Amino acid sequence: MKRFDYARAADVAEALREGQGDGAAFIAGGTNLLDLMKLRVLTPDRLVDINRLALGGIERDGDGLRIGALVTNSDLAADETVRRDYPVLSRALLAGASGQLRNKATTGGNLLQRTRCYYFYDIAMPCNKRDPGSGCQARGGVTRLHAILGGSDKCIATHPSDMAVAMLALKAEVEVEGTDGARRRVPLDDFYVPPGDTPQVETVLGAGELITAVILPLPAGDRQIYAKVRDRASYAFALVSCAAVIGMDGDRIGHAALAFGGIAPRPWRNAEVDGLLTGQAPSDDLFRRAADLLLADAKGHGGNDFKIPLARRVLIDTLRKATRGDAA
Amino acid sequence: MNKHLKMDRPATERFLDETAQNVLGTPMDRPDGPAKAAGQATYAHEWQIEGLCHGVLVRATIPAGRVARIDADAVTGRDGVLRVISDPRMLRVPAQGGANEAPDQGPDEVAYLGQPIALVVAETFEAARDGALALPVEYDPADFTVDPDAVEPEVPKKKQASQGDLEAAMREAAHSVDVTYTTPGHNSAAMEPHAAIAVWNGDDLLLRGSYQMLKYNRNELADAVGIDPAHVRILSPYVGGGFGSKLGITHEAVAAALASKELGRPVSVTLSRQQVFETTMRRSETRQRFRLACDAEGRMTAVGHEVLVSQLPGQQFSEPVTQATPFAYAGPNRVIGHRIARVNRTCAGSVRAPGEAVGITAMENAMDELAEAAGIDPVQFRILNIPEKDPTSGKPFSSHTLERALREGAERFGWSERRAPGQRREGDWLIGMGMASAIRVNILAEAKARVTLEPDGRVLVETDMTDIGTGTYSILTQVASETLGVSTDRVRVRLGDTDLPPGPGSGGSWGAASSGSAVYLAARAVRDRIAEAMGADEVTLKDGHAIAGNRRVDLAGLFDGPVTAEGHVEPGKTMKETRQSSFGAYFCEVAVNAVTGETRVRRMHGTFAAGRILNAKTASSQCLGGMTFGIGMALTEELLHDPRDGHIVNRDLAEYHLPVNADVPQIDVVLLEERDDYASPIQAKGIGELGICGAAGAVTNAIYNACGVRVRDYPATLDKVLAVLPD
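Taken in sequence, the protein lines are chains A and B.
Counting from 1, one number per residue, gives the positions in the first sequence under our numbering.
Counting from 329, one number per residue, gives the positions in the second sequence under our numbering.
Chain B on its own, in the form it takes in the complex:
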């Protein structure tokens, strides 16, 4: 007895507001937390397997050309080097999120410096690493280009849009800004590097890996290796962060599978930190021109957002910078432009909220500039320009919480204390406040999950969904616990196994609402069976008991055998007919050193709404993490490409500057109560990426307020501030 729901109608029933367990939404601790803290949660690379050998990928040292010769004999046999493998099925680039098929293969064709071209397998990791670094390779170099500003960009027709007359609106406006912002490339830099261990059993491949979207990853891996997906099983029960970089399979999965087959032994391949930077997805740098205009009262009349991003030749994905631009703010005259420069740099793909992370951030800077030009408080200016419906498509919003977030956030932060730029100084430090809106599109994705009520009253939840540190184990436990009225310690969640019912994976912030809905539907089906067994139309389920009429029955022993149901949710008309987005507001106080130009964030506040919150702690942590990324994006993070060959020079955590503890002050997160009936059967929306979408803009707007310096080239490192500071 399964339950399938296509979201063709709003879920106005709000069943989970009527249930009795009262655990959903609470800040429950992670059930997987103790094992992780104690080192008992085994991550992909950590499995000890009899006969395991180790592979290390070899890196191309030219930006473009062909591998002419690999001198495998030079390293084979040395210190236990078993083999040098260069197979045309090995990947040139990782799979993009949701690709569902192999990405570009054939490592002999070099498309960027750092591309894997071979795998050295040895008895020990150290021997494999040294062999990979020592392997002599000859190339036939080819012409290449690495500077996005030096090539004639592609202008994909489908990605251009306009309505009204932007140019006229700019001319006639009372106030306007025409400003260009640039953001640098970013790497996900997950704590756990990409890792895989492959074991073959006859024709069956078992891969323990670290991936975000197993349903797709299985097909991608099978396609790359050239076998039927039915022969591939991937296990990713624990993933040490993904942030987009593990959406699709990466080099190590295919290399491990091929090497294991060839050697007849289990093979482990882990990317080094340097390889993570060079060969997993980078977020493209962006150049964003904004033309924004408003009338004398501050009502916006024009929104122009034209961007340039870069990508390898032939790749479909390009950073969707303008994803939220069509609906972010009002204004009848609009232009969206999207150009792609084809360059020989590491493949561009999804990194931490592709699109809005950089698009809304720069938009919020431009909005700050227009608010100032119009002489209107930045919070008021945004409120004034919140559209009643999607100004591009005309669709109604499923819900819109930006005004509430702005007002409540401003109040909590003490926004009214903000002064004119450059008015507040404490010793060497210039103090300023800034704000920005948070906007991230919402997506419901198809998801399945299985829920089993065991005869002893325990509950088992199963899906191939992943927990990439986000809290999936927590929220699915809570959804099942709430729907079935059993305490959370009686619920067990199994994740990250392609043998389990397929979910959409972790990406695009859709995981919680989508897989949460699938678990909810499955649990509702089990609930129906309980009601049936109780002979009642309706039951109350609480603390492991079913209550109907004046009967209270222990769920343990209610059935002789396990009761299993599958839940299946699909997006439907509500997604097409409404514009769905999560919203929030950031407020930030910074100190800018008047001598050195260094910026330190002193405090930061975020108020967010994302429909029903499933776990207040994990949801807050997502936002905290997003805002921390925002601090990094604002102040330090930047992929530095060599101007001559395009390679990433700061390819470790010493020189790629993520914020460290000392960079991150007290961050305060408030989650607003909301239900979005159009978003999902459980009224939840995506929250995973919301906290980064605009966050850096609040920091740089605060820098402007502190010292009057408008840094339009991210990150706002001290040299850019210094250039404009007085002596």
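Excised from the complex, chain A in its bound form:
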């Protein structure tokens, strides 16, 4: 790989100092970054190792939960509180990657993992995300992995995270610290930005900013499901996934929060769908209307056309199960 400098930061302040400048990248588990560096997809001049920062630990935060950015996916999935109160998150984590990867991958890193678009991974191919302005080779190419919602002329790559989909349905907030030392909280729904004309920009993180934690509020629904559909039983990214957090109010849906993976450049949520469901009595007709709404603007690119009917089926099935009380 290209030569780079390496700095191991002792605390957040040092990490932020060391992480300044265009060519710097933070490294935690490195499960995605190192692969991309070996392939020359990413060529940072400087790696700032944040593994020694005091950003571990899962603790109470008011009614909710504060998850340090360096908590590994394995630890988060196994946490007793997460398993009890946020089972959709635990399930989503365990549906992703492999045991070895989850032991290394961190909460902050998982949010920032890059797309698995074949063309992003191949430096001989044009890719607006990797090489802004070079073009999008995925359009007109093999699009099995690609987005049906939220893409642009410049990019139709999907975000591969399972964890982030569950966190989106749980209305998570991302805690970010900037070079000025100020911490701010960004709702996860606002954290990712659409690709538009600048698909290389994926989040609202400013230059040199560091994710320090993810905060989960008390879940508003106790019926939680993570449904992941993929090409093999394990170790494959979602073709379509759906995180559902549903709370019943008698016979009616009191709370509905749905999020989707595998179908968009970011973990996908449509607040109107949640709104449509809330306060309504569950029925197949309602679920079908929810699917219609979710997929109203969906557009296939040939190889991923199937995701439209698949997402529809998964959404309807998940809602049936959640409102019936099949949720685990």
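Keep in mind that the hints were calculated from the coordinates and are not lab data.
Please note that the accuracy of each hint is not assured.
[What the hints assert, rightly or not] Here are the simulated EDC-like cross-link-like pairs (lysine to aspartate or glutamate), alpha carbons at most 16 Å apart as the crow flies:
| id | chain 1 | residue 1 | chain 2 | residue 2 |
| --- | --- | --- | --- | --- |
| 1 | B | Lys364 | B | Glu482 |
| 2 | B | Lys870 | B | Asp817 |
| 3 | A | Lys321 | B | Asp756 |
| 4 | B | Lys945 | B | Asp1005 |
| 5 | B | Lys870 | B | Asp345 |
| 6 | B | Lys904 | B | Asp756 |
| 7 | A | Lys38 | B | Glu454 |
| 8 | A | Lys171 | A | Asp85 |
| 9 | A | Lys2 | B | Glu454 |
| 10 | B | Lys901 | B | Glu774 |
| 11 | A | Lys2 | B | Asp493 |
| 12 | B | Lys1048 | A | Asp285 |
| 13 | B | Lys334 | B | Glu774 |
| 14 | A | Lys2 | B | Glu451 |
| 15 | A | Lys171 | A | Asp285 |
| 16 | A | Lys171 | A | Asp63 |
| 17 | A | Lys154 | A | Asp197 |
| 18 | B | Lys487 | B | Glu634 |
| 19 | A | Lys38 | B | Glu634 |
| 20 | A | Lys321 | A | Asp285 |
| 21 | B | Lys589 | B | Asp415 |
[Said to hold, decoys possible] Sample of chain B residues with no beta-carbon within 10 Å of chain A, all distances over it, derived:
| id | residue |
| --- | --- |
| 22 | Arg627 |
| 23 | Ile875 |
| 24 | Asn978 |
[Stated by the list, open to error] Pair ranges (Cβ atoms, derived):
| id | chain 1 | residue 1 | chain 2 | residue 2 | range |
| --- | --- | --- | --- | --- | --- |
| 25 | A | Arg320 | B | Gly742 | 31 to 37 Å |
| 26 | B | Gln644 | A | Gly206 | 56 to 62 Å |
| 27 | A | Gly23 | B | Asp401 | 22 to 28 Å |
| 28 | B | Arg601 | A | Pro194 | 31 to 37 Å |
| 29 | A | Asn103 | B | Lys364 | 21 to 27 Å |
| 30 | B | Ala478 | A | Gly279 | 52 to 58 Å |
| 31 | A | Asp11 | B | Thr452 | 42 to 48 Å |
| 32 | B | Pro641 | A | Gly133 | 55 to 61 Å |
| 33 | A | Gly206 | B | Asp401 | 55 to 61 Å |
| 34 | B | Lys364 | A | Arg3 | 49 to 55 Å |
| 35 | B | Asp401 | A | Asp45 | 45 to 51 Å |
| 36 | A | Gly206 | B | Arg753 | 49 to 55 Å |
Note that the structure is a prediction, hence the values are computed from the model and not measured.
In this text, a Cβ means the ideal position worked out from N, Cα and C, and glycines have one as well.
Given the coordinates of chain A, assemble chain B onto it according to the supplied hints.
Positioned in the frame of chain A, the structure of chain B alone reads:
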């Protein structure tokens, strides 16, 4: 005192049934297993050699044209980059199995995207890799074509055949099917990537590499480099899987040899996983039209199998899809068609049972369709159509075990529980059963081996034969142990060195029977010397002792010096006069998700027969592996080619979906007792590839039984099932 045998007569003597050691056929553990598990078996890339430098191949980024300019200066000297080598002797494509000469050379002419065009050599692997990725290259692009369906295919005359009148038979049949199946390209995806380390000593080249057929590989490498084969030695004692992709020499061998000569230093070249996908052999995708017909009783009257495959221009090999079609099932009216589309895609070659892996698989789907049309149970339908002799050539079968495998497999699996399509549901899952026959042609290949009885009673077996994870060390140990009556821990097997007597290598499932026979013949020669020393016509050999009359003599000390003999087996008239094949039967239960269309295999059974089984464990493992490949072929595996430039887009193990543990359920393998006297002096046949030949068909037939969806386009990914599932 050597022993040579040409298989002109059946080996009815069955000597190995009379020997006393009773170790042949047992599930003995691999003698090489502990070293491999402990990391002490050194694979090609792992050798630590003084002064070693590292080369990484540079990839063409256009599908066709000429390399106009390589800006070597841009990377040379950077971070220890020593040199950029572009030599006209470097390979454009790997050698096909058994080529015995250099394949197409001249990397400046680009024939497919991903072709190696140069080698960057550096002090470290990382520097070489970065240099290779950063090297500026200019091209003069040329016209190209990448879509096999968009070109007028070649129709090689020798590969067309017909007898009777297929069209009339189809018209007149009580039941018929005319269906087209497609299978995608596959890559061998061996765990160990292709690797070589070259060292020159004067004019002599020593190459540590990972290859399957050293006798040929030496000649291929010598021819490519332009030296006498006598100056080339290849060592491949351990090979981390081949599956066809290491039959012939590949790019890294020639590149390492040339770079090492030029730099005067040892050079290591290993393909990245992406390069393995792009530049080693792919199995061609296939389009297969079946026209099958039967009478009202279900007796087949027509077998038509016409295929389209693809290949680079100028390459001889084309996927032998119809290899077993001439003899698989009965029927007087037959057509075989074979067309080749010339495209600028990665070279097509041998991958995991070329021919039957895809040909029998799709055939077994079409058979399932015809059985259903005729209203006959699929197992019964096959039994009904097993030919008495090869229906194309009229030759007798050397042995035929398909009916036994079908009946015993059906019984063990519980086939009688199968219901009509779409009748069984458990929660979200639709449950179905399917079956298929396993058929793979058998080949005996010329082989030599040397066996030495040491004065201390130990036995040394030597041949250039390879063990590519298949169990060669085990079975040759057992053959020698059995024939010479010494315990297996007193036998040592040396393999994978071109200085040793040449075997046929590992490929085409012929290794065990061929090299096993050579070892057997050599050991028989040594046995003769023992009998001579004992002054007896016949001896019993057991536990390191020779027994004749009332004398029992320790083999240690029987001779003053080593007693050495070479065994040499050659195919002969028995191969020409009989149709030889291994057979088996697969049974499979799948669950298809009624919501998502995902398929999970719940259990799978295989019953196989391949003549004498030399090691029950390694033979079973071969079949287990084959069936696992079958699950992958059925459900997930597919080379995805970009429609515009033909390059393979899913060129790593994250996106080329081999089955993972969670995809593979309990697989049950049963091996039938069989002796095939026509096949080899030890009555063994090939088993290595048998377990994949048809396996995927059992899975997709089970999908049909589960949900009524007939997926004719492999793999049966969820989108293809979903398209036909009810809401």
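Q) Which numbered hints does this structure break? A) 1, 4, 6, 11, 12, 15, 19, 24, 31, 32, 33, 34, 35
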